[in-house]
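Student: One-letter residues, chain by chain:
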Amino acid sequence: MTDTRQRQLIDPDVIGGTEEEPRLIGSVCGLCGTVTFPRQRSCPRCTSEDVRPRELATRGELWSWTIQYFAPKAPPYLPGGVEEFEPYGVGYVELPGEVRVEARLTESDPDRLRIGMTMELTLVPVPGASDTLTYAFRPLEVQA
Amino acid sequence: MSAGEDIAIVGLGIHAFGRHDGVSGLQMGAIAARRALADAGIRWQEVDFAAGGSDAAGNADTSVSVLGLSGVPFINVKNGCATGGSALTTANAMLVSGAAEVALVVGFDKHPRGAFNPLPEDWGIGSWYGETGLMLTTQFFALKIQRYMAEYGISASTLAKVAAKAFSNGARTPHAWRRTPLSEDEILSSRMVNHPLTQYMFCSPGEGAVALVLARGARIRELTRAPVYLRSVAFRTRRFGSFEVFSPSIPIESAPSATTEAAAAAFEEAGVAPGDVDVAQIQDTESGAEIMHLAETGLCEHGEQEALVQSGATELSGRLPVNTDGGCLACGEPIGASGLRQVHEVAIQLRGEAGERQVPKRCRVGFTQVYGAPGVSACTVLTV
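Each protein sequence line maps, in turn, to chains D and E. So that you can map any letter, position 139 of the first sequence is 825 in our numbering, and since no number is skipped, the others follow by simple counting. So that you can map any letter, position 84 of the second sequence is 96 in our numbering, and since no number is skipped, the others follow by simple counting.
Okay, chain D solo, but in the shape it has when bound (with noise of 0.2 Å):
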């Protein structure tokens, strides 16, 4: 990462800290203590309204994955994304006593996927507007 260029995050409301060290914005329940991602206003299980935002956990274990092998159409996926599609990983990371979060991953082989596999939080250039970061996973173990 020596690109120096201003680069900017997908949406401040999901992803804060910084570049180099980046979290996601979830919400925890004053009442229940239920955690949500993204940032809910109200809690989806009491239905309390006294919901604070909180910075996630950043590691976490693969709790299921698949890989995306077509191109997503545009919209939703930016028509950038369409052109220099390529296969990409996706999962469901649980942070351990939060939530399970659903997040692309930077591993794409099936053979280097298995759930149970910690992971953490990293920034990727989204598909098609390389001037801006969303999230997704990585694997910190490395495979056999």
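It is possible that part of the hints are untrue.
[Stated by the list, open to error] Where chain D lies over chain E, by a calculated footprint (3+ residues, C-beta under 8 Å): (1) 139-148; (2) 156-162; (3) 253-264.
For the record, the hints were derived by calculation from the structure and aren't laboratory data. Here the structure is a predicted model, which is why all the values come from computation and not from measurement. Here a beta-carbon is modelled for each residue, glycine too, at the ideal position from N, C-alpha and C.
Assemble chain E onto chain D, guided by the hints.
Tutor: Only chain E this time, still in chain D's reference frame:
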């Protein structure tokens, strides 16, 4: 419906599924409606309530200009994959309440080729979700079955067998779209779409229409000698903790799906146990969905599907024939029509009029289950 009068389906109409260039969704809906009226042997003027809809092919009530301007109250429904189920729920409530004696429900749709491309903003999610590449129904089904296979020991061969059964049944079904049988190997070796699901394990958005005429009480026997009783229709949205499509996150605390709750309510209201079901139509947007929904509806235990499917129990000649007209896999998915297609197919089977695909054993109890975004399900129990 333990108290009060019976509600029955007295007329069935379907417009073939597939691709029909030059025919609008609304026209297909009107054709299905006329066929249902003809099957019931009534005129449109005798219908005193109607409900119907499509997801992407227009307002159902405008078909009165084709069917006839009779002044009938006609409620438009637009409720995703539960559009047909919601129309049926509404019509059933009108009949049960005594507000109507004869009702018509219609569902139709016409989608362009390729995967659906819903916009996150329409589903309460920011545009970042779609731009990041997460706004795809196919991903959800793959993520759900991937986890399920690991938890319950479901094999890729079983995924393929579900699809092979669908195309085999579709080959015997005049209204089906995909009518060429495919082998398990052909299905497994087809293009990978969303791991572990291949091209032929997914249904395709398509076109088609279905209409049903329902009647209450004494009107039933006046209209038909072969009524199919609607014992229950139950419709639910998701609860906190269920794993549903278009979820940027899911809680660690898990809850039963909308399907589980709708199915349990439908069985309870009907006074029928899942084990009593002779024939079932289960939402099979891909083969994993049929497998998971079989257990969510209570038709089998979680994990039992591997043996059930491998033994052929869900085939036409099996103990529990499932998706006897080929389901969404062979018929395609016109969103507004699929839920009513399931009811249509169970009714045909219960009437013993399914021709080449007729289940050989005597069928008295049928069940349907539809599921869709963002976590809705409608289930019915039908009997003869």
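Student: It remains to establish, for every hint, whether it holds in the given structure.
Tutor: Evaluated hints:
Coverage of the segment 139-148 of chain E by chain D holds in this model, with 10 residues showing a Cβ closer than 8 Å to a Cβ of that chain against a need of three. Requiring three or more residues with a Cβ within less than 8 Å of a Cβ of chain D, the coverage given for the segment 156-162 of chain E holds, as 4 such residues are present. For the segment 253-264 of chain E, the assignment as covered by chain D holds, since 7 residues bring a beta-carbon within under 8 Å of that chain's beta-carbons and 3 suffice.
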